[in-house]
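All chains should be modelled from the sequences, with the hints used to inform the complete structure.
Here my numbering is used: the first residue of the sequence shown is 28, the next is one more, and so on.
The set of hints was computed from the structure by calculation and includes no laboratory data.
Any given hint could turn out to be false.
[Unchecked claim] Heads up, simulated DSSO-like pairs for lysine-lysine below, C-alpha to C-alpha not over 30 Å straight-line:
#1 LYS186 - LYS98
#2 LYS247 - LYS186
#3 LYS208 - LYS98
#4 LYS99 - LYS208
#5 LYS99 - LYS125
#6 LYS152 - LYS99
#7 LYS208 - LYS112
#8 LYS201 - LYS125
#9 LYS112 - LYS164
#10 LYS125 - LYS91
#11 LYS99 - LYS164
#12 LYS92 - LYS152
#13 LYS201 - LYS236
#14 LYS98 - LYS152
#15 LYS201 - LYS247
[Unchecked claim] Cβ-Cβ distance ranges computed for the label pairs, FRET-style:
#16 ALA183 - ASP290: 15 to 25 Å
#17 GLU160 - TYR253: 38 to 48 Å
#18 MET298 - GLU211: 21 to 31 Å
Using N, Cα and C, we set each Cβ at its ideal position, and we do this for glycine too.
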Amino acid sequence: MGCPTIRLYNSNEIPQVGMGTMFVPPPENFDFQNFFDNAVAAGYRLFDTAALYGNEFELGEAIKKNGIDRKKLFISSKLKNGHHKYDDALREFEGTLKRLNLEYLDMYLIHYPCPAIGEYPQAWKAFERLYEEGLVKNIGVSNFHQSHLERLFQTANIKPAVDQLECNPYLTIKPLRDFLKRHEIIMEAWFPLGGPPHDQLMPGTPVPKYGPLRENEVIKSLAMKYNRTTAQIILRWETQRGMVVVPRSSNPVHMEQNINIFDFSLTENDMETIETLNDDYHSAPDGDICNDVWD
Numbered sequence: 028m029g030c031p032t033i034r035l036y037n038s039n040e041i042p043q044v045g046m047g048t049m050f051v052p053p054p055e056n057f058d059f060q061n062f063f064d065n066a067v068a069a070g071y072r073l074f075d076t077a078a079l080y081g082n083e084f085e086l087g088e089a090i091k092k093n094g095i096d097r098k099k100l101f102i103s104s105k106l107k108n109g110h111h112k113y114d115d116a117l118r119e120f121e122g123t124l125k126r127l128n129l130e131y132l133d134m135y136l137i138h139y140p141c142p143a144i145g146e147y148p149q150a151w152k153a154f155e156r157l158y159e160e161g162l163v164k165n166i167g168v169s170n171f172h173q174s175h176l177e178r179l180f181q182t183a184n185i186k187p188a189v190d191q192l193e194c195n196p197y198l199t200i201k202p203l204r205d206f207l208k209r210h211e212i213i214m215e216a217w218f219p220l221g222g223p224p225h226d227q228l229m230p231g232t233p234v235p236k237y238g239p240l241r242e243n244e245v246i247k248s249l250a251m252k253y254n255r256t257t258a259q260i261i262l263r264w265e266t267q268r269g270m271v272v273v274p275r276s277s278n279p280v281h282m283e284q285n286i287n288i289f290d291f292s293l294t295e296n297d298m299e300t301i302e303t304l305n306d307d308y309h310s311a312p313d314g315d316i317c318n319d320v321w322d
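So, in structure tokens, the structure goes:
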């Protein structure tokens, strides 16, 4: 069974499972081409990157060398913090497009709102221009809470198609999910499998009190019940809740497992059981408090 798409409010479609590229290192330490080729072979068409990740050039090269029809791909990147002024945002987009060596992006996101700086409405005006000029097929945001979106709505002519947020059974953010649904904004989950290994967490980040998500006893019991991997159970919960997910794996077996989750469904009772695991656990900076420029 192939990967389905979700229709955005503008009638464009986005694959429901994509490949994240955060923490994918540059080619001197990692075979990015092999990573990309394996992902394409497994059925991935959505690739999520960001200027911050430092691998836009590598992704662009991999696309070119693979030879896949560009129209079959959905390439998404993000604006770096510290470039929210209108002209800065336009220049940064030019840099992203040049590094990717593409004529257009399928999606461009504001990486963080940086609310203490408060310039993201300017960046959004630049995004609207890029959208109207056809350089970006869909525009959206990342790590935006309800308060950030409500401020954006006051001056925006075009609303975001997507809000990309950290979300998984340890961080269900249901009130925000409900808000996005009311406004027809699709939620895209990053760290959908619970974040990086504990030894890779940012300094000062606590470990989840229930242990690593994929080793959680509730998730493990459901994996046995459905004869699936724990990752498949988690991703199926998210996709059944209407989310787009962008897990990351360089293991070809895991790549295939993570995208092949649409030939079974969790019962609503099991869905609710997973929802009870919520502990509001953030494994990375939250949009309400992150104002780091990272330049």
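Take a quick look at whether LYS208 and LYS98 sit within 30 Å of each other, Cα to Cα. This hinted pair holds, its Cα atoms lying about 28 Å apart.
Agreement of LYS99 and LYS125 with the hint, judged by alpha carbon distance not exceeding 30 Å: The hint holds at about 20 Å.
Does the Cβ-Cβ separation between MET298 and GLU211 fall within 21 to 31 Å? holds, 22 Å
Taking 30 Å as the top limit, are the C-alpha atoms of LYS98 and LYS152 close enough? Given pair LYS98, LYS152 holds - Cα atoms ~26 Å apart, limit 30 Å.
Would you mind confirming whether the straight-line C-alpha gap from LYS201 to LYS125 stays at or under 30 Å? violated, 38 Å
Does the alpha-carbon distance linking LYS99 and LYS164 stay inside the 30 Å limit? holds, 14 Å
Cβ-Cβ distance between ALA183 and ASP290: within 15 to 25 Å? violated, 39 Å
Between LYS99 and LYS208, is the straight-line Cα distance small enough, at 30 Å or below? holds, 27 Å
Holds or violated: LYS208 with LYS112, Cα cutoff 30 Å? holds, 29 Å
LYS152 and LYS99: Cα distance at most 30 Å? Distance ~28 Å between LYS152 and LYS99 Cα, so the pair holds.
Given the hint that LYS186 pairs with LYS98, does the C-alpha gap stay at or below 30 Å? holds, 24 Å
For the pair supplied as a hint, LYS112 and LYS164, confirm whether the alpha-carbon distance does not exceed 30 Å. Given pair LYS112, LYS164 holds - Cα atoms ~21 Å apart, limit 30 Å.
Violated hints, listed in ascending order, are 2, 8, 12, 16; each of the other numbered hints is respected by the structure.
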